[in-house]
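Novice: Kindly generate the complete structure, drawing on both the sequences and the hints.
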Amino acid sequence: MEILRVHFILQRLIQLIPVVFGISIVSFLIIHLIPGDPASIMLGSRATPENVQQLTAQMGLDKPLYDQYLIFLQNLVQGDLGKSILLKQSVNTLISERLGTTFFLVMYASVLSLLVSIPIALWSAMKKDSLLDNGFRTLSIFGLAMPSFWIGILLMLLFSIKIKLFPVSGYGKNFIGHLYYLFLPALTITCSLAPVLVRPLRSKIINVFSSEYIEAARARGLKEHQIILNHVLRNAISGTVTILGVNIGWLLGGSIVIETIFSVPGLGQLLINSILSRDYPIIQGLVLVFAILVIVVNLLTDLCYAWLDPRVDLE
Amino acid sequence: MQPILEVDSLKVVLQTKQRTIHAVNNVTFHVRTGETVGLVGESGSGKSITCRSILQLLPTPQGKVVGGGIRFAGKDLLSYSKKQMQELRGREIGMVLQDPMSSLDPVYRVGEQLVETLRTHTKISKKDAWQKAVELLRLVGIPSPEKRVHDYPHQMSGGMRQRVMIALAICCDPKLLLADEPTTALDVTVQDQVLSLMKEIQQRLGMAILIVTHNLGVVAEMCDRVVVLYAGKVMETAATSDLFQTPRHAYTLGLIHSVPRIESEEKLEGIPGTLPDMSHAIKCCPFRERCSFATSECSFDEHTQLKEVAPGHWSACFHHERVCTQA
Amino acid sequence: MVCFKQVVKKGFLLMAALLLTVGTVACSSAPESSQGDSGSTTNSAAQPAAAPAANAGDETPKSGGILKLARAQDLSNLDPIVPGDNMTIWALLLMYDQLVRVTADGNDVEPALATDWTISEDKKTYVFNLRKDVKFHDGSVMTAADVKFSLDRARDEGSSWSWIYTGIESVEVSGDNQVTIKTKTPYAPLLSSLALFSSSIVSEKAVKDQGKDFLSDKEFGTGPFKLANWQRGQKVELAKNPDYWQAGKPYLDGVELVQVPEDTTRLFQLRAGDIDIASNVPFNAMAELQADPALTVMTPQVSRVDVININHTHEPFNDVKIRQAINYAVDKDLIIKTVLMGNGEMATSYLPKMKYFNDQLEGYKYDLEKAKKLMAESSKPQGFKTKLLIASGDETDRQIAVIVKDQLAALGIDVEIQMMESGAAYEAVNQMNYDLATTYFSTDIIDPDELTSFEVVSTGGTDAYHTGYKNPKVDELAEKARAELDEAKRKEMYLEIQKLVSEDATFLFLYYKPATYAVQNYVKGFHVLSTGNYRLEEVWLNK
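Residue numbers (this note's numbering), protein chains in the order written: chain W, 1 to 315; chain R, 1001 to 1327; chain C, 2001 to 2543.
Mixed in with the good hints there might be a few duds.
[As the list claims (entries may be wrong)] Heads up, simulated DSS-like pairs for lysine-lysine below, C-alpha to C-alpha not over 27 Å straight-line: (1) W/Lys164 x C/Lys2543; (2) W/Lys63 x W/Lys83; (3) R/Lys1017 x W/Lys204; (4) W/Lys204 x R/Lys1082; (5) C/Lys2249 x C/Lys2135; (6) C/Lys2148 x W/Lys88; (7) W/Lys223 x R/Lys1283.
[Claimed, not checked] Residues on chain C that point at chain W, a partial pick, calculated with CB under 7 Å: (8) Asp2116; (9) Ser2160; (10) Arg2232; (11) Asp2274; (12) Ala2424.
If you are wondering where the hints come from, they were derived from the structure by calculation, not from laboratory data. Source: prediction; values computed, not measured. Beta carbons are placed, not taken as given, at the ideal position from N, Cα and C, and that holds for glycine.
Specialist: Have a look at this one:
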C-alpha cells in the first residue's frame, strides 16, 4: 500500500518536468509578445530611441528571442531563475523572500476557512431547513457576491480603526506576530472561500448522515457526538479537501488583491509591479513558481484524499 | 421465567406532511432467554419497524411510537432516555443490519471499528481491545484474523463483512441479538454459513435472537418460534414446527404455498392482490380482501382478535379451523 | 409548518438589516467638531515662489524621534546610477549628496558638496571647490577622487543615466579639494544635471573593494541618513548620520519609509496614528482629512504637467486650427473641479511650473464660441471621428476621458475612448499608433532643457514626444538655449519657445496638479520640493 504511494508520488513529480518545460516556453513567448518593453517604461518620458536602445542592450534584451530563451533555460536547469533586469537582484532571492509570506497567508486562510466552514456546515446539516440553516445560506451568498477588496477594507475599518483590535497592515516578526497581523487578511479571504466550502460539505454531511453505516454505528451504541465527529465528518470531509486543493490557483490569485490592501509583503506585489514594468525574469520566475505550486498542491490534495478515503486507488 | 423481550400492543406510525401510515398496529409477542424468534412478513408488514422501535432507531422525525410497550428484562424501553438507550445498544442488545456492503464505515479498519465499540461500552485498554478484536474475528469464522483485523471493509467480501457485523453486534456479550434480514443481501451459499454461525454463537453466549425475515427457509432453519405479521398486525404466532405443519391463518397458508419447491412441478402460487391502505389503523382483518376464506365476520374487529387456538399457538383468523384442515 | 419562502424572506431581511447597520457604523467618520476649513491647509500654490514649510512656526526644533512616512512602492535598487522610479530616487536623495543641490524654491541650484565654483571664459570649464571634512557613512573622508569616480561611473556604459552626461567631456581631479569638469560645448544644463540623484557621490574605495553590484542593496553615501535596514516589501529604515556636514541636522533619530500600496490603507494608518505622513492622498479623501484637527493636508506644487498628446501625423490633427479648437472646447477648470476636487491649475505651457516658466501665457481658457469658430474655419468643419487612448486601471484618466468626450461632441467630434494596459498604451504612443492619448511630463532636473528636448523639439529623439510636431524656430531656439549660460538671455529664449508651442497648440493642455500629503500636526519642517523629494533633515517632531 505504501509502496504504491511512493510510486505514485514519483510518477507525478516526474510528470512535473515536461509541464514546467511547457509552461516556461508558453509564458516566455506570451510575456515577450505583450507590447511595451522594460527600457522605455523605465525611462518614461525620457525615452529617446538611443536611450532605449542603450538600456535595452544593458538589460541583455537585444539578443534574439531564442537566444534569450536558451539562456533562461540554461539557468533554469541549474535552479537559477535569472536576475531581475530592473532590480538587479537574483530572482531566486526575490521570490524566496516573499514566497513564505504568501504561502503563510494562503495556508492561514485555508485553515481558517476550514475552521469556519466545518462547524457551519455541520450545524446547517443537523438543523436542516431551520432559520439557522437559511440564515447561513443567505450569508454565504453575500460572502460570494461581495468583492474581496471591499470586504477587506470594511474589516479594516471595523477592526483596525473603529475598534482597535488588529493592526492595519504589515506582517509581524515571528510566527505569533504573523498570526496576529495576518488575521484580517486571512479572514477576508475566508469570507469568499467559506461559502464555497460550506455548501457541498453540508450536502455531503446530510447524505452521509442518512447512510446505513451511520445507522449501524448508532445501533452499536456509539455516542452521538462520537458518531458525528468520527464517522459522519470523517466521511464527508474528503470532498472538501478536494475543493480546497482545486481552488488553490484562485487562492493564490486572490491573495494578490489582499496583499495590496493590507500591505503584506508577499508575491502579489512583486507580480503586479514586475508585469507593469515588464521585468521579464521576475514574471517568468513567478509564473513557473505558481505553476509548480499549483501542481504540487494538487498532488498533495490527491494524496490527502487517498489518505482520507481508503477506497480510493491512486493508480 | 420472564421473557427477555416483551412487545405489548405496540403501535407505531410514520407521519409525513402528506399522510400518516400506521405501520405497526397492535403487535404483541415475546422472546425468551436463549430462544430464537422469527418475525416474518412481506414488505410493508411492519416487521422491520417493529424491530427498530425496540432500539428507538425509528426514522426521524417521521417515526413515532404511539401506543403499547416494549420491555427488556423487565425494564420499560420506551421510557429510556437517549443516554440510557445509547448504553443499552450494542451492550445489552446487539443488532445486525441487512446490507453488509454498506453497514461498515468505509474509512476505518475493521479492527478500529471493533475496538471503538468495545471501548465505548467497557473499560478496556487499547491493547486488550485489539486482542479481543482478533478473537472476535476468529469467533465469527474469519481466517487469519490477525491479518484481517487491519483490513478496510472494501477489502472484504460480502460474507466476510456480514461476519464482521455479527462480531460487532456481539462484541459486548449482549443478551439479545436483533437481526434485520441478515442474509437477504448474501449469496445462497454464504447465507447458510452465516446462519449456522449465528446459531453457534447463540449457543456459546446463550443469547436470544429476534430475526426479521421474509424468507420462510431461514425461519425453518433458525427459529424456535415464529410471529407472522401482515399490514402491521400479528396474524399468527406459534412454534415453528406447529406453524408449518398446522398453519392456522389464511395468510400463513398462502405464504407456505408460495414457497417454490424444486421437486414439485406445480406452477408458482402467489397471493393475488396487494397490501391494504394503511393510512388508518385497520380494525378488522387486514388480509380479508385477498383471502379466499374471507367471510363477512372478517370485517369485524371482535372476530379478528389474536387468540390462543391451540397450546402455545395463537391466531387472529376467524377461519382458523378450516385453514388448519387445508394445510 | 413555517413556509420556506417566508423563512428565506425573513432571513434575507435580517441579513440586509445587519449589513446596513454594520456599513453605516463603519462608514460614519468620527464626528469631530468640524471647524470648517481647519487650520493650516496649504492649497495649490499659484506661484512657483518659495512654498514655505507648513507648520514652520517660530518653535525651536527638538531632536529625536523616528519619522514614519508611508509610500506606495518599495525601493528597487539603491545604486544611484540604476533606478528610474521616484520612490527609489527620493530615498536615495536622503542617503546621498551631490556636488550641488536644488534650492528650496526649486528654481536654482545651490552648493552642497561643492562650496563654490567658477566657470571659465569659454564657458566650457567648471572648477568646483569641495567642502572639507565631509564623511562617508563609514567615517572615511570624501576626497576629490571620490567625486571623479562617481561622476565617471555615472557617465559610463554601465549606468542607466549615462545619456544625461553626454555633454561632459572630462572630469578631473585638479587639486586636493578640487574637481574640474570640462564640457564639449557650452552646456547650460550642466549644473542642474550635477544635482540629479544619478550624480550622487559614492565612495570609490567601497565600490572598488566590494564590486560593482555592492551598491544594489547597500549604500555608501554622505547624506543625512544612513541605511539601517531594508525589509523588502515592507519598509526601509534609515538612521541619522551623526557626522552630517550640516551641523545639528538631521533632528530626527531615524526615518521609516513604509511601503503601503493601497491608498485607503495608508489613510487608515495615518488616522490610527501608526504613521506620521501619508503620501499620495487621493483627492476625494482630502475633505475628510482636512476636517480632522490632528492632521494637516499639504498640496505642494511639483514639476508636473498633464496633457493630452495629439498625434500631428494623423489627420486632421495636422491642422493647427483643430488643435486650437479642441483646446478651447475642453473646460479645464471643470476637470480640475470634478476630477481633482479643485486642487490644481489650468496648464498654459508645455513646461510644468519650474525655472523659466512663462506665466504671461493666457493659455486656452474654455471658450466654446471660439472653438466653434475655429472648427468652422478648419479643414473639417463638420467634425470627425477620433480615438482617445487611456491607460486602463487609471481612474483619473477615465474621468478626464469621459469629460473630454462629452465636451468635444459639441464640436461634432466623436471621441471613442480606448483603454489599454499601461505598458501597452505606452508602447502605442511610442509607435505613434494613436490619435489622442493622456500623458504627463514631470522632471527631476530643474533645467528646462531636458523637457524641452523631449516634448517639443522635433530632433530631440522622441519626435516631440511622439506628436510629430515640428517647428524649426522652436528647434533652433532650444539648441541655442542649451548653450547659453547667461540667465537673462536664456530666459528669453525659453519664454519664446513656450509662446510658440502654446500658439501651435502642440498638446491639449490640461492642468498642473499638486502632490498630496497628509501629515500629523506634530510633524514640523516637512517640505516637498518641486522635484517631488523631501529634505527630511529639516524635519522635527513636536512631541
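Novice: Against each hint, give a clear statement of whether it holds in the structure.
Specialist: Structure-based check of all given hints:
1. Among the hinted pairs, W/Lys164 with C/Lys2543 is consistent with the structure: their alpha-carbon atoms are about 22 Å apart, no more than 27 Å.
2. About 16 Å separates the Cα atoms of W/Lys63 and W/Lys83, which keeps this hinted pair within 27 Å; it holds.
3. Proximity of R/Lys1017 to W/Lys204 is assessed by CA-CA distance (about 25 Å); at most 27 Å being required, the pair is judged to hold.
4. Restraint check for W/Lys204 and R/Lys1082: the C-alpha separation of about 26 Å stays at or below 27 Å, so the hint holds.
5. Taken as a hint, the C/Lys2249 and C/Lys2135 pair is honoured in the structure, with Cα atoms around 14 Å apart against an allowance of 27 Å.
6. The straight-line distance between the Cα atoms of C/Lys2148 and W/Lys88 is roughly 24 Å, inside the 27 Å bound, and the hint therefore holds.
7. With a C-alpha separation of about 40 Å, the suggested pair W/Lys223 and R/Lys1283 falls outside the 27 Å cut-off, and the hint is violated.
8. Given the 7 Å rule on beta carbons, the hint for C/Asp2116 is violated: about 30 Å separates it from the nearest Cβ of chain W.
9. Because the smallest distance between the Cβ of C/Ser2160 and any Cβ of chain W comes to about 6 Å, under 7 Å, the interface hint for this residue holds.
10. This hint holds: C/Arg2232 has a C-beta 6 Å from the nearest C-beta of chain W, less than the 7 Å allowed.
11. Using the Cβ-Cβ criterion of 7 Å, the hint placing C/Asp2274 at the interface with chain W is satisfied: the shortest such distance is roughly 6 Å.
12. For C/Ala2424, the shortest C-beta to C-beta distance to chain W is roughly 4 Å, which falls under 7 Å, so the interface hint holds.
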